[in-house]
Amino acid sequence: MLLIRFGFFSEKTGIPVAATLLGLGCFPTDHPNYVGYLGMHGNYGPNVLTNQCDVLIAVGMRFDDRVTGNVTKYAKQARIIHIDIDKAEINKIIKVETFIHADAKEALDALTQLCPVNRFPDWINEFSRLNELEFEKVIRKEFHSGGELRMAEVINRLSQKTDGRAIVVTDVGQHQMVTSRYLKLRDPRTHITSGGAGTMGFALPAAMGACYGVPGKQVLAVIGDGGFQMTVQELGTIMQYKIPVKILVLNNQFLGMVRQWQQLFHGKRYSFTEMDNPDFIKLNEAYGITARRVTKREDLDSALTEFLDSKTSMFLEVLVGREDNVFPMVPAGAGVGDVLLEAPSN
Amino acid sequence: MKEEFTLEIEADNNFSVLNRIINILNRRRVRIRRMMAHEDDQDFRRGAVVMLLFTTPEMMDRVTDQLEKLIEVDLVRFQPGSSRYFEVSERVSDID
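Going down the list, the protein sequences come from chains L and P.
The numbering of the first sequence is our numbering, which starts it at 1 and goes up by one.
The numbering of the second sequence is our numbering, which starts it at 1001 and goes up by one.
Worth flagging that the hints you see were computed from the coordinates, not collected in a lab.
Each hint can be trusted.
Straight-line Cα separation of at most 30 angstroms, BS3-like style, residue types lysine-lysine; simulated pairs: (1) Lys-87/L / Lys-1002/P; (2) Lys-1002/P / Lys-92/L; (3) Lys-76/L / Lys-1002/P; (4) Lys-137/L / Lys-73/L.
In silico contact screen, one side only, chain P against chain L (beta carbon under 10 angstroms); selected entries: (5) Glu-1058; (6) Thr-1064; (7) Lys-1069.
These numbers come from a predicted model, not from an experiment.
A virtual CB, placed ideally from N, CA and C, is assigned to each residue, including glycine.
Whenever a hint applies, use it, and build me the whole structure from the sequences.
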């Protein structure tokens, strides 16, 4: 079990652990040594401190551009040890000091035996300090904004209710990044997303597959309104085979991530990102799927409870703020240390 | 420092396999100076491609690793210079 190996290694060595998008779940998000999620919309602490650490141990990651940002500015000071089962990953993106071509479980076992017991409280506190800064600048507003519902508070509430015990499948876009940021995870392979492929329309069929792959486990598909319409015909399969997948659509009536880029980097010149959606409730009802819509904060809790308690497939649409942005953000071409906590003033 | 390399690949003669091979080179901006692809004389389901590339030794190692990951590809090998390219291409031309 990779989770156990990671736990042993991190607890013995005292080394903090951050996860990439596809690594989420390999380490419990409530573990004291877990310092956050890496990537373009990852947590502030791990992104910034990547460029300050002295040793970086990369396990099964491929140094994707969403994690490294500008590679010429990535972890220049660090001695990098790369563990990967794929030989083709050796020095592909980042020149590493040591490469361990092995199964991650075996490599971590061997490293755990070789490494001395250690603790780095000051180093872990540095992550906490930066993540608290992120909390003040970003997360507090997301959770306590008033006004329109925010994606983050929906996912946070969902996460509190599922407590890391459901399989959550995400599509592509803002909802995907928000889910990755705020979802509590306990086990590997409970967070499923298309990763670098970036395929909108992935979540619904993948969630249906997960229902068959792990029968009896709660499976939730979290999707944006744009992605949902790309594979919406699969509602017919759900109806026909009575697949108990739960569908949560966070509807901002935009292709939100593209709109965010158009706003921040193209002078708010929105081009083909606004969505005129069909009535998703009627659409689901046409397929015999129970459907609810949430427009007010006070209805969210009861709707999520009904959604999760349903024994059959259910659809829940939550109308969220139309022009909310996902932060932190590493702008394209910038280094991970240049991560933004809010929109640039110009 | 960029130099010439002869790259030889043996693969299943599947539809679009050459496209997938060239994509790997194109994405890494590896310059293809000459190229010849042919099906196997004994078995039309098999094929081979030989290319004359102009790139760095490090890039050759990287593209070789990536090419070996293609499911249709059985063998990838390369050597510096163009002599091997002309040797193979002349042999194949003679057969044709």
